[in-house]
Amino acid sequence: MWKQIEGSRAVAEAVAMCRPQVICAYPITPQTHIVEGLGEMVKSGALAGCEFLNVESEFGALSVAIGASAAGARTYTATASQGLLFMAEAVYNAAGLGLPIVMTIGNRAIGAPINIWNDHSDSMSMRDSGWIQLHAESNQEAVDLHIQAFRLAEELSCPVMVCMDGFILTHAYDRINLPLQHQVD
Amino acid sequence: MLSLAAFLEGRYAQAFPSFGSERMGAPVMAFCRIADRPIRSREPVANPDALIIQDPTLLHQVTLFEGLQPDGFVLINSTRSLEELGLASFLKNQRTPHHALTLSATELALRHVGRPLPNSTLLGGFAAMTGELRLASVLAAIRQKFPGKIGESNAAAAQAAYDLVVQSIPTPPLENPARLTREEIHVEAD
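Protein chains in written order, with my numbering: chain A, 273 to 457; chain B, 147 to 336.
Careful, some of the hints might be misleading.
[What the hints assert, rightly or not] Here are the computed distance ranges between Cβ atoms for each label pair:
#1 B:Q290 / A:D457: 26 to 32 angstroms
#2 A:E308 / B:Q207: 30 to 36 angstroms
#3 B:A282 / A:M396: 45 to 51 angstroms
#4 B:L205 / A:S316: 38 to 44 angstroms
#5 B:R257 / A:S316: 31 to 37 angstroms
#6 A:G317 / B:E189: 36 to 42 angstroms
#7 A:W389 / B:P262: 44 to 50 angstroms
#8 A:D400 / B:L256: 54 to 60 angstroms
#9 B:A172 / A:N326: 24 to 30 angstroms
#10 A:M396 / B:T209: 30 to 36 angstroms
Rather than coming from a laboratory, the hints here were simulated on the basis of the structure. Note that CB positions come from ideal geometry on N, CA and C, so glycine has one too.
With the hints as extra help, turn the sequences into a complete structure.
Below is the structure:
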């Protein structure tokens with residue numbers, strides 16, 4: 273179904289159609305709109321059978337995701353920039369445990385002293401952590417890659433990051449073809 | 147809402163913001179491209195066909211007019227005239243007169259919406275001025291973005307702006323041959 277929609281919102285709707293059971297996240301620009309959108313869907317009941325947890329940090333977010341995924345739940349989180357660095361220890365643990373977690377990265381520069389703009393230094397710093405990384409060129413690709421990411425993660429028993437450019441994609445309104453629920457199922 | 151209005155007309159559209167430090171009152175720019183085929187560029191719009199300036203206090207702070215296409219459109223939210231803003235000679239020397247207009251959008255928004263939020267009002271003016279979008283598409287986009295009462299009051303403000311601008315230009319918008327072909331810029335301030 274064609275929609276004129278913000279990239280973050282489109283990703284939230286794609287993730288929701290993958291029927292996650294646990295979502296935990298700590299907000300960080302430019303990823304925040306994605307988990308905000310998912311939080312709304314959980315609260316309104318549009319995304320049923322899903323628990324949304326607010327945690328105290330990014331390290332907490334991925335740690336909760338590891339626990340939930342180890343217990344068998346389909347688990348999702350999202351972060352960016354320093355948030356991913358703060359997760360670093362748990363990023364390696366998730367891969368080492370072979371847990372099929374899906375995580376969106378709204379790619380953003382790291383530090384020095386503060387930079388909200390887009391580059392790939394965050395996800396590249398985790399290149400060798402054992403996660404599969406999928407990088408989207410457009411918001412249509414971002415939507416499609418999230419749906420593929422859950423399938424890949426569960427088939428391969430391996431965590432998957434879907435990386436999309438912060439602001440350039442996350443905050444851009446584009447014409448996007450969103451699949452229908454039965455197509456994703 | 148501008149990109150949504152274009153989408154509702156079956157066109158391709160892209161909109162994205164550009165801002166610096168995250169604080170209230172900081173200048174914000176946003177860009178919109180409208181085309182009849184998929185848009186691959188994600189660069190900021192450097193040579194806009196149209197400028198919408200929501201906050202006239204930015205007129206002398208940012209290089210707003212740099213790169214504006216010859217005879218491009220300029221719509222400024224102000225109760226003052228171009229002459230009073232000191233822009234008349236600059237804009238009128240190089241442009242069709244009705245391609246540069248001021249519109250008291252904040253006042254219209256206060257009257258219809260009750261809050262000084264001129265953005266949807268300016269889109270009504272933009273539709274009238276350029277003929278690039280039908281008013282019906284703009285109103286539908288506003289109602290889709292803000293369902294219910296808020297959407298209705300914003301649509302009323304956009305309608306009022308449309309009517310006001312139509313009266314001030316010589317060619318009615320539906321007969322206006324001007325049609326943007328490349329890209330537009332949409333400047334705003336929070």
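Right, here's what the structure says about each hint:
1. B:Q290 / A:D457: 26 to 32 angstroms: Since the Cβ atoms of B:Q290 and A:D457 sit about 27 angstroms apart, the hinted range of 26 to 32 angstroms holds.
2. A:E308 / B:Q207: 30 to 36 angstroms: holds (32 angstroms)
3. B:A282 / A:M396: 45 to 51 angstroms: holds (47 angstroms)
4. B:L205 / A:S316: 38 to 44 angstroms: holds (43 angstroms)
5. B:R257 / A:S316: 31 to 37 angstroms: holds (34 angstroms)
6. A:G317 / B:E189: 36 to 42 angstroms: holds (41 angstroms)
7. A:W389 / B:P262: 44 to 50 angstroms: violated (30 angstroms)
8. A:D400 / B:L256: 54 to 60 angstroms: With Cβ atoms ~57 angstroms apart, the hint holds.
9. B:A172 / A:N326: 24 to 30 angstroms: 28 angstroms Cβ-Cβ, so the 24 to 30 angstroms window holds.
10. A:M396 / B:T209: 30 to 36 angstroms: Once the Cβ atoms are compared, 34 angstroms apart, the range 30 to 36 angstroms for B:T209 and A:M396 holds.
In summary, the structure is inconsistent with hint 7 from the numbered list given earlier, while agreeing with all the others.
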